[in-house]
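There are 2 protein chains.
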Amino acid sequence: MRYKDNYNPTISDEVLFDEILKEKEHIGYYNLVNQDTSHFKEYAKSVQHKDIVVIGIGGSTLGTYAIYKFLKHSKNLEKKLYFLETTDPIDIESKLNGIDLETALFIVISKSGTTIETLSIFKYIHSLVKIDKNNTVIITENDSKLNHYAKINDIQTFEIPKNVGGRFSVFSAVGLLPLAVVGIDIDALLRGAKRVSDSFFSKGEEYKNILKKARFFVEYKNRFNINVVFSYSARLEGFNKWYIQLWGESLGKVDINTTRQGLTPIGIIGPVDQHSFLQLIIEGKRDKTVTVVKVDDFDKNLKIPTVHLEGLEELEYLHGVEFSTLINMQADATIEAINDLGDIPCDVITLESVSEESISSLMYGYELLTSVCGKFMYIDTYNQPGVESGKIILKKKFEQKK
Amino acid sequence: MRYKDNYNPTISDEVLFDEILKEKEHIGYYNLVNQDTSHFKEYAKSVQHKDIVVIGIGGSTLGTYAIYKFLKHSKNLEKKLYFLETTDPIDIESKLNGIDLETALFIVISKSGTTIETLSIFKYIHSLVKIDKNNTVIITENDSKLNHYAKINDIQTFEIPKNVGGRFSVFSAVGLLPLAVVGIDIDALLRGAKRVSDSFFSKGEEYKNILKKARFFVEYKNRFNINVVFSYSARLEGFNKWYIQLWGESLGKVDINTTRQGLTPIGIIGPVDQHSFLQLIIEGKRDKTVTVVKVDDFDKNLKIPTVHLEGLEELEYLHGVEFSTLINMQADATIEAINDLGDIPCDVITLESVSEESISSLMYGYELLTSVCGKFMYIDTYNQPGVESGKIILKKKFEQKK
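Protein sequence lines, in the order shown, are assigned to chains X and H.
Take any residue in the first sequence, note its place counting from 1, add 3, and you have its number in this note's numbering.
Take any residue in the second sequence, note its place counting from 1, add 3, and you have its number in this note's numbering.
Read the hints as simulated data drawn from the structure, not as lab findings.
Among these hints, one or two may not hold up.
Simulated restraints on C-beta separations [stated by the list, open to error]:
no., chain 1, residue 1, chain 2, residue 2, range
1, X, 353, H, 156, 55 to 61 Å
2, X, 100, H, 311, 44 to 50 Å
3, H, 400, X, 106, 27 to 33 Å
4, H, 106, X, 386, 53 to 59 Å
5, H, 85, X, 346, 52 to 58 Å
Computed list of chain H residues with no C-beta within reach of chain X, every gap over 10 Å [to be verified]:
no., residue
6, 21
7, 29
8, 54
9, 138
10, 186
11, 201
12, 211
13, 294
14, 329
15, 335
16, 339
17, 397
Using N, Cα and C, we set each Cβ at its ideal position, and we do this for glycine too.
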């Protein structure tokens, strides 16, 4: 009896890495870690406005919001960032009520330059306040219609490179300009991202971790079709939302064999969701991987005080415990409960501190993970035909209405 | 050849309904629609405080937040509701910075009376401001330790009935008291819930819709293990979170045959997530059902103005369109894109208006749907052993630490 096979269930690490290196030559986000940021910092220095209003949606706002939300309470920021992104009329009105439009700076962000939501809100703002070069800046592709409008009206623009997709654009002008304006250290952001990039492309720690994780996710994608990120800090809520877009829109695709692929992202927050979603993780169907994100040092010394409450003595073991210790012990208890079960894939990412470097390492690492998963799945990670189809139907509906 | 079988793939409608009727006798939430609300309204009338701070977590806050978030911008509420729920120290500090503790009313909610997060935050508040019967009210079970503490300190209490679970408690004191205090019409809330209840228990429209939906979800649970709620209003963000707890914690269970069950809830917001998650729905693996929630009448006449922007003429078809029309056309475009594909299960729930009746109908309907799914799945819908296991590990960790 003889036997031969050609079972190569998946691409080898070496071939995968070569593919990523090839992709790096034409997919723009990989190289954002090495850019010159002086024009962003210069512009930021010139801004006197206190209220900074970003008008954009999806990839134009989610990454910026993630970083701002993570850092804003730990930095002494003098300016405030607002996001106008939905067409919900109640939401637009209630958000505008909190902003002094006369003294605000508007940052209008649309890669294509014709995003319906963004332009509709921009037009609405136009009807409330004079828009000109003194209170407006535009971020878009160099040859978009929005860029044309800016040129005609002498409004300053910053470029979104054509080869940087919306959901991978946080380290381009899309994220760096508004964050620099409100006082976030954008060079520190890029340092954090570059550390991960260098480690990955020199086949260091990040390369090993990311390839192992991506390989596991893709090989078991039909068994574990849901990837939960369980973030143990309320400040990571924005990161969760950004992750959901990055993951869902990049990996929900038809592959080269015309098979529908798709890993479903879920973002939850501990300890709040420890009181709900954890039940589904622990006792529910084994269809989920769980990634726990922890923060080592919250840099806040809030303690549970020694307060004797008659009748509630059983909780006195908490006296003197810092809230940061409590939340991290809650995370550890969740990890232990999951690991005790033995059949739920789980990894833990620990951020050292609430800093620019931490959040950008996390985000850049997730961008690389997404790219590697996409390669393993034989899909185009960077397009979004399913989103475009909805836009086409919407436009048709308006035409029918006329 | 003869043939016989005993294939009864699932419980019949009649048997199911009888089971629910039996359950109604001892599961408390079913009967909350008929309660007397005068003691809540009386208490609410007596409150002079402007800042109302709810201290609670999970089922003690999510439902209240859902209703408050949906209604607050459409009602002229004179009081503001805050929620302290996480142990994240940065979050606690930043939220407390926005509240005048000296003049605030604290509503402490814990069903068991010994929830670690709630009591830890309550103790922390104790160290910042004097707590007494003038600024505190407690909602808990009648025989809990927290109730004992309240009695000793002459603090008023409201009861969470033992047979009303946290995630099903929004129409008990847990939700009704804080909502009444800030000026929400709680009788209108109960009217909306009762309408659904009456229709269900008289085998009307709601009975048919809920049984059909639950039967589909459960019969196809292994094929479609993810249930997406796609809400087309930013004001439904709180509802989405509440739904995630209700669904995940109720249905993530081991059934009577010791098989792990679990339908995974996802809540997304249109049109923001139309720019991300929609891609995964349209092109990704067919493992999701989609429920679109729309609002017919936003009661806001915000229009996209006729503003000519040179270079951007192609968007002028939007001129004069109300934002509420736009968001609903976006919802319709998404529904059409999904239905065109023909292989994604999709239903549409339309709320008439932004009102108490609308949101409570939606929520009570989801409670009934959860109960019916639980019956079809042969699980205990109302316990949460997986959540409890995490709590036990946490306590052990503290004991080891000492």
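We went through each hint and held it up to the structure:
1. X:353 - H:156: 55 to 61 Å: Violated - the Cβ-Cβ distance for residue 353 of chain X and residue 156 of chain H, about 41 Å, lies outside 55 to 61 Å.
2. X:100 - H:311: 44 to 50 Å: With a Cβ separation near 27 Å, residue 100 of chain X and residue 311 of chain H fall outside 44 to 50 Å, so the hint is violated.
3. H:400 - X:106: 27 to 33 Å: violated, 50 Å
4. H:106 - X:386: 53 to 59 Å: holds, 55 Å
5. H:85 - X:346: 52 to 58 Å: violated, 40 Å
6. 21: Holds, because the least Cβ-Cβ distance between residue 21 of chain H and chain X comes to about 27 Å, which exceeds 10 Å.
7. 29: holds, 21 Å
8. 54: holds, 17 Å
9. 138: holds, 16 Å
10. 186: holds, 17 Å
11. 201: holds, 29 Å
12. 211: About 28 Å separates residue 211 of chain H from the closest Cβ of chain X, which puts it past 10 Å; holds.
13. 294: holds, 16 Å
14. 329: With a cut-off of 10 Å, residue 329 of chain H comes too close to chain X, as the shortest Cβ separation is near 5 Å.
15. 335: violated, 7 Å
16. 339: Violated, because the least Cβ-Cβ distance between residue 339 of chain H and chain X comes to about 5 Å, which does not exceed 10 Å.
17. 397: violated, 4 Å
In summary, the numbered hints that this structure violates are 1, 2, 3, 5, 14, 15, 16, 17.
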